[in-house]
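K.L.:
Please take these sequences and the hints and turn them into a complete structure.
Just so we're aligned: the sequence shown equals residues 1 to 442 in UniProt numbering.
What the hints contain is simulated information worked out from the structure, not anything from laboratory work.
Backbone N, C-alpha and C define an ideal beta-carbon position, used for all residues, glycine too.
Some clues are possibly wrong.
[To be verified] Taking lysine-lysine pairs in the DSS-like style, the calculated list, with each CA pair at most 27 Å apart, reads:
{"no.": "1", "residue 1": "K353", "residue 2": "K388"}
{"no.": "2", "residue 1": "K353", "residue 2": "K20"}
{"no.": "3", "residue 1": "K193", "residue 2": "K216"}
{"no.": "4", "residue 1": "K388", "residue 2": "K356"}
[Said to hold, decoys possible] What follows is a set of in silico ranges between Cβ atoms, one per label pair, in the way DEER data are often shown:
{"no.": "5", "residue 1": "L30", "residue 2": "L413", "range": "46 to 54 Å"}
{"no.": "6", "residue 1": "V174", "residue 2": "Q213", "range": "20 to 28 Å"}
{"no.": "7", "residue 1": "G116", "residue 2": "Q213", "range": "36 to 44 Å"}
{"no.": "8", "residue 1": "D311", "residue 2": "G195", "range": "53 to 61 Å"}
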Amino acid sequence: MSAVPPRQSPLDDVVARISKLHPKRIDLTLGRMRRILQRLHHPERRLPPVIHVAGTNGKGSTVAYLRAILEAAGLRVHVFTSPYLVRINECVRLAGTLVADDALRDALLECERANGGDALTLFEIKTAAAFLLFAQNPADVLLLEVGLGGRLDSTNVVETPLASVITPVGIDHVEFLGGSLAQIAGEKAGIIKSGVPVICAEQLPEAEAVIEQRAKQMRSPLHAAGQHWHVHAEHGRLVYQDENGLLDLAAPRLFGRHQFDNAGLAIATLRAQDRFSIETTAFERGVTGAEWPARMQRLTSGRIVDQAPRDAELWLDGGHNADGGRVAAAALGDLEERVSRPLVVITGMMGNKDAKGFLANFAGLTRHVIAVPIPGMENAMPPEVLAKAVRALDMRAETAVSVAAALQSVARLAYEIPPRILITGSLYLAGHVLAENGTPPA
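P.N.:
And the structure:
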């Protein structure tokens, strides 16, 4: 899955060819994944120690904090995340560096040969290729992010990870995971392995009960936010506490009050394991140094930025469900308390998302929303349909043919104070913006 169609590279031909192997419908199963891993002689059994991360929101940011802290401690860190924003290479980091085109192409070709033309999703073959690369290149730890759900996700083939991490669980991907919070939590909790520590973010009661029950069934030690560890902001700093003591750290570099929770989850994870010793200085350097694009990211230069009104603030966030909208709206509220500006929301969403549930979070912050298409995405919600959802929330809505056109429309309005503009609603849209702006993830 990609946020924008990839630009021409040595990978294009093999990705296009492999994509044709995709089953006619997506059915969550581990059968295809186990088949190709067997044919590849089980690279998943030759990985560095694995920290497995599932959840609805905050997975990527939590992985970013884990990586930054571990690297600050001097460790070599492999990373697997999804989806990518601009280039498929973003999914795989080998000891801290994005995988090179040729290396990823060779791994995908090896997987293609082993698969022999059988049905396989692009995510499955991408995961298998990543496992090959991780097994072939030395590292101290692998951060493995779930793609969808957990129980039947392609990453859920590692028998004994170092830790299982569950970020906040919310309603999303109901067509695959179920329509209730309890059902979705059950899928996420499927990554819990026997005896392996479970580190859990603060959850709604329905999700918390399911996760606690699964951890009990698997006899896995549970480290739950609000029970076994606590994190909060105090005087502009991050204060973390558990049974082993207190950490008083500088605030996270990533913006938004929810990032204190994500950073706390990463800290709790690393304090729950005994394989690596992490000094306080590494925790602080990691928390303050972590980067994760398209999550309340301030855009300050580039081709898209040049289209915005002079002196406007331009923010980018890939949130696309109700909980993602809630944390973005809270971050905007914090910005408003610091410096008040009129807010304009530019949004594009996929057709299977709950537009009203997402956009309702912004109803008290703005009355001006511009709906745009997501280039290259056939299943994107038409801007007219999205605008109708906005109007149902008593907000002013208009449509534009592109993000650049939307910014030009804002520039024609007579604001006394330069506005604050948020582009949001989809990681696919965020990837398009970063590509068009000339600021793809490094």
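K.L.:
So, for every hint listed, does it hold in this structure?
P.N.:
Okay, the hints, checked on the actual structure:
1. K353 to K388: Roughly 14 Å separates the two Cα atoms, so the pair holds.
2. K353 to K20: holds, 25 Å
3. K193 to K216: holds, 11 Å
4. K388 to K356: Distance of about 10 Å is within 27 Å: holds.
5. L30 to L413: 46 to 54 Å: holds, 52 Å
6. V174 to Q213: 20 to 28 Å: holds, 21 Å
7. G116 to Q213: 36 to 44 Å: For G116 and Q213 the Cβ distance comes to about 41 Å; the hint holds.
8. D311 to G195: 53 to 61 Å: holds, 56 Å
Checked against the numbered hints given earlier, the structure satisfies every one of them.
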